[in-house]
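Could you put together the complete structure from these sequences and hints?
Heads up: the sequence lines are chains A and B, in that order. So for the first sequence, our numbering puts the first residue at 152; every next one is plus one. So for the second sequence, our numbering puts the first residue at 152; every next one is plus one.
There could be a bad hint or two in this list.
Where chains are identical, the list cannot tell them apart; a pair therefore holds if satisfied intra-copy or between any two copies.
Derived BS3-like pairs (lysine-lysine); straight-line CA-CA distance at most 25 Å [unchecked claim]: (1) K413 / K185; (2) K413 / K223; (3) K409 / K196; (4) K440 / K494; (5) K329 / K409; (6) K484 / K494; (7) K466 / K490; (8) K185 / K317; (9) K450 / K490; (10) K185 / K326; (11) K258 / K409; (12) K413 / K326; (13) K341 / K326; (14) K462 / K223; (15) K223 / K466; (16) K494 / K450; (17) K440 / K483; (18) K484 / K440; (19) K494 / K385; (20) K413 / K466; (21) K440 / K490; (22) K341 / K317.
Hints listed in this document are in silico derivations from the structure and should not be mistaken for laboratory results.
There are 2 protein chains.
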Amino acid sequence: MKRRSFIKKSVVAGAAATVAAASTLAAPAIAQGKRELKMVTSWPKNLPGLGTSAQWAADKITQLSGGRLTVKLFAAGELVPPFGTFDAVSQGTADMHHSAPFLYVGKSKAMAFFSTIPFGLTSTELVAWMEFGGGDALFDETCAPFNIKPFLSGVPDYTFMGWLNKEIKTVDDIKGLKYRMPGIGGEALKRLGATVVNLPAGELLPALQSGAIDGTEWAGPYGDMGLGFFKAAKFYYYPGFHEPGTGVDIAVNLNLWKSLSKDDQELISVVSKAAITRCHAEFTAGNGKALTTLIETHKVQMRRIPDDVLKALAKHVNDALEEFGNSDPATKKVYDNFKAFRKEMHASAQIGNESYLAARRLALG
Amino acid sequence: MKRRSFIKKSVVAGAAATVAAASTLAAPAIAQGKRELKMVTSWPKNLPGLGTSAQWAADKITQLSGGRLTVKLFAAGELVPPFGTFDAVSQGTADMHHSAPFLYVGKSKAMAFFSTIPFGLTSTELVAWMEFGGGDALFDETCAPFNIKPFLSGVPDYTFMGWLNKEIKTVDDIKGLKYRMPGIGGEALKRLGATVVNLPAGELLPALQSGAIDGTEWAGPYGDMGLGFFKAAKFYYYPGFHEPGTGVDIAVNLNLWKSLSKDDQELISVVSKAAITRCHAEFTAGNGKALTTLIETHKVQMRRIPDDVLKALAKHVNDALEEFGNSDPATKKVYDNFKAFRKEMHASAQIGNESYLAARRLALG
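And the structure:
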C-alpha cells in the first residue's frame, strides 16, 4: 500500500494508473527496491527508553524511506531470545537488531567499549568518541567479522550503583554482600569480597525481597522505578561508577547493508543519530522526574558511595580493565584508543562540565 | 537530474521513459513536489561546529528527500546579514535559517530560553527540555506569530567565562573591567561594576590586543581557539556560568512548512534531531582537543572563578532573570516552565552527573 501511495505522489496524475499497473506486473519486489526488514530487540515492547527508542527508529526508517523499506519490530523473545539478536542478524535470520553491544562481549571483548566501561565515558563523551574520536570506525571493524554493520543509536544517561538495605560506610562493608552487577564493575566488587550474581531483570525484585540478594543495580531512576526496587530496599547508592553512559546500537546484516542504495544506507545512519538525541533526552528528562518521585513519594534515602570505597573500587576496576583491555590484539586496539580519548575528555569535563554543575549549585542551592 | 534518477529507481525499467516524459511535460515543478529551498545562516561558511552543522543538515535533507527538496546553503552575509536570518525566513525571502534563537530576543524575550540562560540548563538538559519537557511546543508557540516553524538543531557543549589579562580574585576585581559579554550574564557583570561592551567576533582579538577591552567571552575552547584569543590573553576563566549549553536552531517559513507533505515535514524534524547529536559530539570532542592544545602548546593559564565571585554573579543573574522572565505574559509562560524543569534537572544532575565526574576524578586523578 505504501509503495502505491508513494508512486501516486511522485508522478503526475495522468500517468499514475499506468505506472502502478506496470510496477505490479513487471518486476519482483526486490527489483522495485521494496523490502520488509525484521528488527529484533533485546527489550520488552515499549520498555521506557529502550523499547520506545527501537520502535521510534523502526517507524522513522519506514516513514522516511518513501515506501522502499518497512521495518517490522519484534520484542525480546518474539522471534529470537533477548540475547540472541546479534547471532540472528549475523546469520540473516533477522535483518537488524536494536540491542546493546556489551551484551555481546562473548563475541569480542571490544564490544564493551561501545556500551560502557566503569569510570569511563559519560553518555555525551561516548557519542563524541563514536562520531569524532574514531569510535565508529572501530565499531565497524569489531562487527565486520560477524557480518554486521553497527550504529550507535542511543545513550541512556547516568545510572546509579543501586539498591541496598545495608549501608556501605567502609570498604569492609562490601565483604560478603550478595550483589547483582555484571561486567568489570561486578568484578571489582568481587575482588573486594562481595558475592556477585547475575540475574535477569524479572527476578531482581523477588530476590531483593526474599533476601536472596542484598543489593542490585539496574539502570538509573527512570529504568529502576518501573522495576519497583523501592518496595524492597531503602537506600539508593550513587554514582553509577560502573555504567556512566551506556551505548545501545542498531546492527544491520552486512549482506543486506551492501545491497541497499547509498540513500537508504544514509537514512539508517541519520535515523540512528536522531534516535541518540531522542533516547538521551527521554532518559535525562525521565531520570529527573523519577528521582523526584522516588525521594518525595517513596521516601527513598539517597546515599553517596564514600570516597574510600570509590577509591578501592577504582583500584580494582583499573586492574581488571587492564587485563580485560589487553586480552587480545583487536580489543587492545579499541582499548588504547578509548584510553587516550577518555584522558582528553576527563580533563575537559572537569574544567568545563563538572565545574559548571558545581557553580550552579552555588547559584541555586 | 536528481528527480530523474529517483524516478528511474522507483519504477520498472520498461515504464521509465514514459513516466519521465510525462512528468516533464504535464506538471509544474511544484506539483511534482520538487523544490529548491534557500537556507540562510548566521555563520561563516564551514565555521567549525556551526557552519559545519548547517551544511550537514542541508545536505542530509537534500539527500534523503529523494530529489524532492534541494537545500542550498548561504553563509552569513551572502543573501542576508548574519542577524537578519529570522526576518528573512519570516518574510519568505529565505525558506529556512540555521541560527541561534537568542540572537532574536528583540522579537520575543522568550527566545533566550531556547538558546541558553546563565546558571540554566546544560546542553543535554536543554535537549531533554525541548523533547520531553514541553520546550518544543513553547518554541513553536513563540515563533508562530512570526510565521516560523522552529526546530532545535544543535547544542554546542560547555563554554567558558573567557579571556583576561587581569586576575579576578575578589568581587572588587570585576569593577571597572571592560568586558565583552552579551545578555543576562553581561548584565550581571555590569551590576558588579564592569563596563560591558558588545563587539562582533572579528573585532575581539584586536580589541583585546590594543587594550580597548580587558576581557571577552566567545564560546568554549573549540570555538575560541580559532579566534586566536590565546595570543592576547594569558588567563582563561571557567566555568561558562553565562552560557552552559547554547541551542541553535533550524527555522522554516510557516507557509512553506504547511505546504510540505507529512513525510517531508518529518524528514526535516528527524534531520534536525540527528544534527543535534552530530553538533554536540563535534563540540565535545573539539573542546577536549582544543583545551589540551591551549594548555600544553599555548601555555594558557586556566583560572576558576572564585566562589565568592560566582555567588555575587549568581545573585545578580537571578535578579536580572526574574525581571527579564516576567517582562511579558508570553515570556513568563516559557520562564515558568523552564524554572520548574531546571529545578528537577539540577537535583538530578548533582546526584547523577556531577557526582559521577567527581568519582572519576578519584579514580583517574
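Consistency of the hints with the structure:
1. K413 / K185: both (15 Å within a copy, 20 Å between copies)
2. K413 / K223: Close inside one copy (21 Å) and across copies (21 Å); limit 25 Å.
3. K409 / K196: For K409 and K196, neither the intra-copy (29 Å) nor the inter-copy (34 Å) Cα distance is at most 25 Å.
4. K440 / K494: Answer is between: at 10 Å across copies they meet the 25 Å cutoff, but 32 Å inside does not.
5. K329 / K409: neither (47 Å within a copy, 59 Å between copies)
6. K484 / K494: For K484 and K494, the Cα distance is within 25 Å only inside one copy (16 Å; across copies 42 Å).
7. K466 / K490: So K466 and K490 pass the 25 Å test inside one copy only (16 Å; across, 40 Å).
8. K185 / K317: neither (57 Å within a copy, 66 Å between copies)
9. K450 / K490: between (39 Å within a copy, 24 Å between copies)
10. K185 / K326: Classified as neither: same-chain Cα gap 58 Å, cross-chain 68 Å, threshold 25 Å.
11. K258 / K409: Result: close within a single copy only, 22 Å intra versus 49 Å inter.
12. K413 / K326: Close neither inside one copy (55 Å) nor across copies (59 Å); limit 25 Å.
13. K341 / K326: Cα proximity of K341 and K326: one copy only (8 Å, versus 56 Å across).
14. K462 / K223: Cα proximity of K462 and K223: none, with 46 Å in one copy and 54 Å across.
15. K223 / K466: Neither way: K223 and K466 sit 45 Å apart in one copy and 54 Å across, limit 25 Å.
16. K494 / K450: This pair counts as between: shortest inter-copy Cα distance 19 Å, intra-copy 38 Å.
17. K440 / K483: between (39 Å within a copy, 22 Å between copies)
18. K484 / K440: For K484 and K440, only the inter-copy Cα distance (20 Å) is at most 25 Å; the intra-copy one is 40 Å.
19. K494 / K385: between (36 Å within a copy, 24 Å between copies)
20. K413 / K466: Neither, since 47 Å and 54 Å both go past 25 Å.
21. K440 / K490: between (33 Å within a copy, 14 Å between copies)
22. K341 / K317: Answer is within: at 17 Å inside a copy they meet the 25 Å cutoff, but 52 Å across does not.
The structure fails to meet hints 3, 5, 8, 10, 12, 14, 15 and 20 from the earlier list, while all remaining hints are met.
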